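Just need the whole structure built from these sequences, with the hints factored in.
Read off the chains here:
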Amino acid sequence: MSKILRIDMSDLSHKWEAVPKEYEILAGRAFTSAVVNKEVEPMSHPLRENNMFVISPGLLAGTPAPSSGRLSVGAKSPLTGGIKEANAGGLTADRLARIGIRGIIIDGAPSRGSKDWYSIVVRKDNCEIVKTNNYADKGLYELIGKIWKDYPVKPGIIGCGIAGQRLMKCAGVFGNNPENTDPGRYAGRGGLGAVLGSKRIVAIISDSTGGEIPTPKDKERFDRGRKALREALDKHPVTGKLTSDDGKPFGGLKNYGTNILQNILNEAGGLPSMGFSSGRFDGAAKISGEAVHELVDKTKKKFGDAAEASYAHACHPGCVMRCSNAVPYEKTGKLHVSPLEYESAWALGTNLGIGVLHDVAELNRLCNDLGLDTIEAGNTLAMLMEGGLIKYGDGPGAIKALKEAYSTDSALGRLVCSGTQTAGEALGVTRIPVVKGQALPAYDPRPIRGIGVTYATTTMGADHTAGYTIAAEILGIKGTVTDPRALNKAELSRAFQATTAYIDATGYCLFIAFCILDDDDGFKGMTDSVNGFLGKDIDVTEYGMAILKNERAFNKNAGFTEKDDRLPEFFRTEPLPPHNVTFDVTDAELDAVFKGM
Amino acid sequence: MRVQVKLYATLREYAPSNTEIGASFVVEFDGNTLGELVQRLGFEIDRAKIVMINGNRVVDMSTPVNEDDLVVIFPPVGGG
Ligand code: SF4
Numbered sequence: 007m008s009k010i011l012r013i014d015m016s017d018l019s020h021k022w023e024a025v026p027k028e029y030e031i032l033a034g035r036a037f038t039s040a041v042v043n044k045e046v047e048p049m050s051h052p053l054r055e056n057n058m059f060v061i062s063p064g065l066l067a068g069t070p071a072p073s074s075g076r077l078s079v080g081a082k083s084p085l086t087g088g089i090k091e092a093n094a095g096g097l098t099a100d101r102l103a104r105i106g107i108r109g110i111i112i113d114g115a116p117s118r119g120s121k122d123w124y125s126i127v128v129r130k131d132n133c134e135i136v137k138t139n140n141y142a143d144k145g146l147y148e149l150i151g152k153i154w155k156d157y158p159v160k161p162g163i164i165g166c167g168i169a170g171q172r173l174m175k176c177a178g179v180f181g182n183n184p185e186n187t188d189p190g191r192y193a194g195r196g197g198l199g200a201v202l203g204s205k206r207i208v209a210i211i212s213d214s215t216g217g218e219i220p221t222p223k224d225k226e227r228f229d230r231g232r233k234a235l236r237e238a239l240d241k242h243p244v245t246g247k248l249t250s251d252d253g254k255p256f257g258g259l260k261n262y263g264t265n266i267l268q269n270i271l272n273e274a275g276g277l278p279s280m281g282f283s284s285g286r287f288d289g290a291a292k293i294s295g296e297a298v299h300e301l302v303d304k305t306k307k308k309f310g311d312a313a314e315a316s317y318a319h320a321c322h323p324g325c326v327m328r329c330s331n332a333v334p335y336e337k338t339g340k341l342h343v344s345p346l347e348y349e350s351a352w353a354l355g356t357n358l359g360i361g362v363l364h365d366v367a368e369l370n371r372l373c374n375d376l377g378l379d380t381i382e383a384g385n386t387l388a389m390l391m392e393g394g395l396i397k398y399g400d401g402p403g404a405i406k407a408l409k410e411a412y413s414t415d416s417a418l419g420r421l422v423c424s425g426t427q428t429a430g431e432a433l434g435v436t437r438i439p440v441v442k443g444q445a446l447p448a449y450d451p452r453p454i455r456g457i458g459v460t461y462a463t464t465t466m467g468a469d470h471t472a473g474y475t476i477a478a479e480i481l482g483i484k485g486t487v488t489d490p491r492a493l494n495k496a497e498l499s500r501a502f503q504a505t506t507a508y509i510d511a512t513g514y515c516l517f518i519a520f521c522i523l524d525d526d527d528g529f530k531g532m533t534d535s536v537n538g539f540l541g542k543d544i545d546v547t548e549y550g551m552a553i554l555k556n557e558r559a560f561n562k563n564a565g566f567t568e569k570d571d572r573l574p575e576f577f578r579t580e581p582l583p584p585h586n587v588t589f590d591v592t593d594a595e596l597d598a599v600f601k602g603m
Numbered sequence: 017m018r019v020q021v022k023l024y025a026t027l028r029e030y031a032p033s034n035t036e037i038g039a040s041f042v043v044e045f046d047g048n049t050l051g052e053l054v055q056r057l058g059f060e061i062d063r064a065k066i067v068m069i070n071g072n073r074v075v076d077m078s079t080p081v082n083e084d085d086l087v088v089i090f091p092p093v094g095g096g
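Note that the protein sequences, when read in sequence, are chains A and B.
Note that the numbering used here gives residue 196 to position 190 of the first sequence, counting from 1, and the numbers run on in steps of one.
Note that the numbering used here gives residue 34 to position 18 of the second sequence, counting from 1, and the numbers run on in steps of one.
Each hint can be trusted.
Calculated pairs, EDC-like style, for lysine to aspartate or glutamate (alpha carbon to alpha carbon, straight line, at most 16 Å):
1. A:LYS542 x A:GLU226
2. A:LYS306 x A:GLU336
3. A:LYS304 x A:GLU314
4. A:LYS292 x B:GLU36
5. A:LYS130 x A:GLU218
6. A:LYS254 x B:GLU29
7. A:LYS304 x B:GLU36
8. A:LYS241 x B:ASP62
9. A:LYS254 x B:GLU60
Below, a sample of chain A positions facing chain B; criterion: calculated Cβ distance under 10 Å:
10. THR245
11. ALA290
12. HIS299
13. PHE517
Covered, in the sense of this in silico footprint (three residues per stretch, anywhere, with C-beta under 8 Å from a C-beta of chain B), are these stretches of chain A:
14. 246-259
15. 273-281
16. 462-476
Note that these hints are calculated values from the structure, not bench results.
Predicted, not measured: the structure shown is a model, and the values here were computed from it.
Even glycine gets a Cβ: it sits at the ideal position worked out from N, Cα and C.
This is the structure:
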């Protein structure tokens with residue numbers, strides 16, 4: 007039986023509840039967004055006691071469905087002031103699902119002036135709120151190692167690092183990887199790490215001892231669906247196997263990870279570089295997925311089994327697409343950071359003009375250790391560069407600035423964690439790449455306008471995953487688009503946003519989209535597995551739209567209007583080389599995306 | 017005719033063995049079209065999923081290729 011765990015941090019109490027009828031088929035993002043919309047006071051301060059922090063494993067987490075172990079977290083975002091859902095892999099979704107937890111809802115906060123830090127330990131039918139002052143103010147690599155020693159049951163861990171504990175808006179929610187070697191499984195965006203910090207929580211530790219695999223209502227249909235999906239994923243050249251039958255590299259994600267996109271966006275002229283001032287970067291190839299692949303092969307050759315290097319790494323138990331990697335130090339073969347994915351390599355490399363793989367990996371490691379969202383932190387560092395504090399391309403300078411964040415009394419350290427908008431304004435920058443206060447990710451909206459529509463209109467603030475039109479616009483998945491103007495961008499973006507919301511609820515990794523949008527058997531496999539699990543048919547678009555409606559309702563009540571669904575002015579006025587285009591989708595077209603909702 | 021070619025990701029193995037990532041190499045061939053160029057490079061046409069000639073995306077394999085063009089080819093890729 008699934009249940010809900012409610013925790014009140016104002017008196018350190020908890021209680022268990024049955025899943026109410028209205029949440030019966032909701033999990034993952036569908037659950038977190040429904041709870042946030044229903045229960046969080048929309049005008050509350052995101053970093054005070056009236057905000058809530060909601061956690062929910064995806065619907066199929068803990069089951070043998072392929073790549074279905076994603077976790078959603080939700081709250082009112084301190085970065086955007088609107089609703090936020092962020093999701094990640096790691097161990098926690100699997101652990102919670104196996105002990106029958108549909109969601110954890112954390113409310114309240116210890117009284118003001120309270121100096122203590124807590125962790126929440128969740129076991130089968132049991133919850134403890136423990137005082138853990140010794141977990142606070144620590145680097146996260148050290149912390150996850152310590153927690154696995156204190157709790158030797160290989161628990162899932164999520165939580166906030168130094169940045170979240172200091173209520174900084176770049177703070178993400180970290181998660182340990184399956185090997186517990188890196189805290190790099192981030193539900194990164196929206197500053198949700200700071201919401202945990204505001205509740206004085208460092209870690210949420212989940213132990214699945216005594217748990218069991220969730221059982222589908224219609225097992226035969228569920229099994230048929232998951233197997234069909236698995237088959238489709240394995241044979242698709244994006245999500246498929248590492249090598250083909252003749253031993254040649256085959257699956258793009260396994261061989262090169264998401265950072266396979268670095269070179270393609272560069273060649274397409276849509277790779278935002280040096281603070282969104284060019285669509286190309288001459289150092290892109292050196293920090294691309296292909297470069298990581300080469301480094302891993304080289305390290306393995308040199309250090310053999312001792313090399314802590316890999317591609318085709320799984321971010322959670324049961325991922326078959328395995329886009330993750332472990333990037334080694336070239337000199338020692340030891341683990342430097344895991345994963346180094348496209349958005350991070352872009353934010354901390356390309357966007358800063360840094361084309362040295364070691365420096366980019368080091369910046370990513372620092373973000374993981376401090377508890378920072380790499381996209382927001384990278385864009386914030388770009389503001390320091392725009393504002394003249396560091397030069398574009400200065401890797402050591404960026405590393406030094408980020409290290410300031412460990413210090414308790416460094417104003418620069420606070421600034422690099424404060425978010426793109428805050429830092430940009432503090433430094434007199436007028437080209438600040440944010441929507442609703444959240445920084446843009448790795449696709450320039452001027453040459454790739456559909457993603458610009460998503461950035462502008464999603465409730466989440468600029469977020470590529472909210473409606474990944476890149477699949478159609480650049481990658482030729484679901485239709486081949488030669489002239490981006492040929493497609494109705496509003497329609498494209500809305501369709502992707504609804505399907506994405508559904509996938510985020512199921513626990514499936516969004517990357518199954520590359521296969522299922524291309525392969526009807528795969529799509530049917532996905533819906534069969536979900537409908538088989540629930541024992542009833544749900545409609546993908548309807549279910550997805552219902553999630554979007556909750557999210558839009560919350561933002562409306564929090565004071566957002568269509569005027570917030572806009573890109574910053576400079577995207578309309580500064581043409582982006584090499585194509586020298588501006589973002590020319592009209593406001594009326596943007597407003598058409600969710601007209602009447 | 018001579019054209020410049022860049023191959024990425026799983027197609028890199030069809031480039032001369034010491035070609036650096038992101039570097040182009042020269043190909044001499046007798047044909048006129050993109051499809052013929054792909055054939056000359058030695059892989060199946062459907063592996064050339066994303067092609068750009070001089071920075072512009074093309075989908076039609078019968079698109080003519082001209083002397084000194086830069087042809088960039090990717091297999092199916094995804095990420096994000
Ligand atoms: S494809 Fe990548 S991000 Fe998605 S679940 Fe697998 S390893 Fe994680």
